[in-house]
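> Protein sequence lines correspond, in order, to chains A and B. The numbers in my numbering rise by one with no breaks, and the one at position 68 of the first sequence is 69. The numbers in my numbering rise by one with no breaks, and the one at position 273 of the second sequence is 684.
For the record, the hints were derived by calculation from the structure and aren't laboratory data. There may be inaccurate statements among the hints.
Some, not all, of what chain A presents toward chain B, calculated at C-beta under 7 angstroms [to be verified]:
1) Arg21
2) Ala22
3) Ser35
4) Leu36
5) Gly259
6) Ile284
7) Ala285
8) Ala296
Computed footprint of chain A on chain B, listed as stretches where at least three residues anywhere in the stretch have a Cβ under 8 angstroms from a Cβ of chain A [what the hints assert, rightly or not]:
9) 441-451
10) 657-670
Every residue, glycine too, gets a C-beta built ideally from N, C-alpha and C.
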Amino acid sequence: MDTSAPAVRQDNRPTPDEWRAFGARLLHAAGTGSLGAGVIFFVAANWQAWGLVGRFGLLEAGLLLCIVAALWRPPPARGGQAALLLATLFAGALLALFGQSYQTGADVYELFFNWALLTLPFAVVALSGAVWAVWWVVLDVGLALLCGGLAPDRFFWLIFADRDRDRSMLLMLPCLANLFAATAFLMIRRSRFKEAAPVWLAPWLLTIGLGFGTAAALPQMTNHGSPVIASYAVISLGIAVMTLRRRHDVFPLTALAGSWIAISTLWLVQSLQFDKLGAFFIIAVWLIGSSTAAAMLLIRCLHRWRTTTVEGVAR
Amino acid sequence: MSGITTQPAMPERPLAISLLLGMSGWAAGGFLLIFIALLFDADSAGQAAILGTLLLVAAWGLFRFDREDRQIFVVQLALALSIAGQCLVLYAMSKDADGVVPVAFAALVLQTVLALAMPNRLHRTLSTLFATIAWALTLRFTLFGEHTHIYPADGRQAASLTGALAVWLLTWAPVAAALWWAIRSETAWVVRGWAPLLRPIVTGLIVSLAFATTASYPLESIQWFGNGKAGAGNLALWPLLSSLGALGALTAAFALRQRALMAMCVVAALLHVGCFYYALGSSLLVKSLLMLAVGSLLIVAARILRPRENA
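Excised from the complex, chain A in its bound form (with noise of 0.2 angstroms):
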């Protein structure tokens, strides 16, 4: 017999039970999809026939079941996550259809910013990664309305009338919140928490908060381009010094890189302009240069971090 390398057999199907159990799984999931799509479907179907009454009635019945649930069977059990995850939509529906029954002006990051404030009861409560999922998109939509929405004659920009900020200062609130959030989550995985706080959950927001800090960056965006490019690069290199002091993970530094890259090449196109052929072609050698250098850089922080955390086991 060949020990020399690890093998696996080629006929590595699944036995007789195992093919049982996954069809029983399988039926058992097309069942309730069915079930929840034919719900939704008759609920749809009949939407126009009920009055306002009526559909008021049936969005504050969802929210009040779901509410029951959650406390017949608190978290962090999983029924009574899903309860409130389904609660935090429920709210969000609730509120859509009063803005649309009853015109009251309001802008839709206003919706979106009260469902935030609504659900966060729901989302400390429920001690699930899932729901704080739920529930920072619905506060990032809302930031990011809230930074393209704004026409110049909002009362918003009257605070800050005499210090001419613009949208990408604007930006820089969303990408800090992002940030500090994910701080927050890397430090409530330390505690007695961290069921909230699912290893996905941090360096997800880590990568939207860097998506709005490149949108602050870019060219076309900001009439203070060194300010606002400065203030992001302060941010990045404290990432990175963290980074690189925790010895752990390089997500955040191919994330930075990734923002990096982006900002650099969209800055190139803005300065080229295009009037020339070889200016793709430059752009076109910039892009694999920096791209090239920074996966290099990258995978020897990693190998490096993995061979000293191997000798650290071996000791």
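Given chain A's structure and the hints, the job is docking chain B onto it.
Here is chain B on its own, set in the frame of chain A:
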């Protein structure tokens, strides 16, 4: 020893770095292609064929350079060059063609050749997917013509439901049969050293069965804008057939123990159910009752089938 292979080495590169390199490769490829297109300015079919072939050869060369499939940037750049080359070659093959059928057939031939020739897993998978779509379009427009709807909403002369179903089966049964054969005989073709060729093609067939069945939809079965007519026939049937295809693909992915593929098939099934919501041919109320009935039956079947120790 026959039937034994070495386990693949643990991946060293995190997904995030692969994504960074992949996206950069595509972006660099896009700018490079614009540069090449402006530099050579191919107008005629002949020029397009030559330029397209050169790009495909360049892509082949890059793939051969990175046989181990470890240089993600090289791979993605090669993919970008290959796709541009395919577009040019397809343009050259079908420039003077009349209608969809010659173009679809040309695409089928091209993608089949590339699936066999290109020494890269991802490329073979994508070529298999595109070849399957081209196969579906070729059959559909050949048998039903290009100005005839498969099952029109306004009662125009067209294929019957039986005919449309027959063509759907004629299109996708061979794909399912090929997949079944490949999975059943995997041991044999691995021993013969065909794994680098056939494994990506099997993946492509699974993805095709999950997603590409939409290529067989009647064009008027989905109406995104305006109000559609309910009761216009059995147009709502097609998304359900696609869901069935996705579940079949899910079963194949389970047989191969490929979790990522299984997740993809689940997403496909959900998308098809979403298409069913918008499909014409039945009222929403009828669809809801159908889903409730089917769901109940499936759950009963699940209870009957579940392993005895869980009963």
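> Next step is simple, just say for each hint if it's right about the structure.
A quick look at each hint next to the structure:
1. Arg21: 6 angstroms, holds
2. Ala22: 5 angstroms, holds
3. Ser35: Because about 3 angstroms separates Ser35 of chain A from the closest Cβ in chain B, which is inside the 7 angstroms limit, the hint holds.
4. Leu36: 4 angstroms, holds
5. Gly259: Since the shortest Cβ distance to chain B is 5 angstroms, the answer is holds.
6. Ile284: 5 angstroms, holds
7. Ala285: 4 angstroms, holds
8. Ala296: 5 angstroms, holds
9. 441-451: Our answer is that it holds, as 6 residues pass the Cβ test (under 8 angstroms) against chain A, meeting three.
10. 657-670: Check passed, 6 qualifying residues.
Violated hints for the displayed structure: none, as all numbered hints are satisfied.
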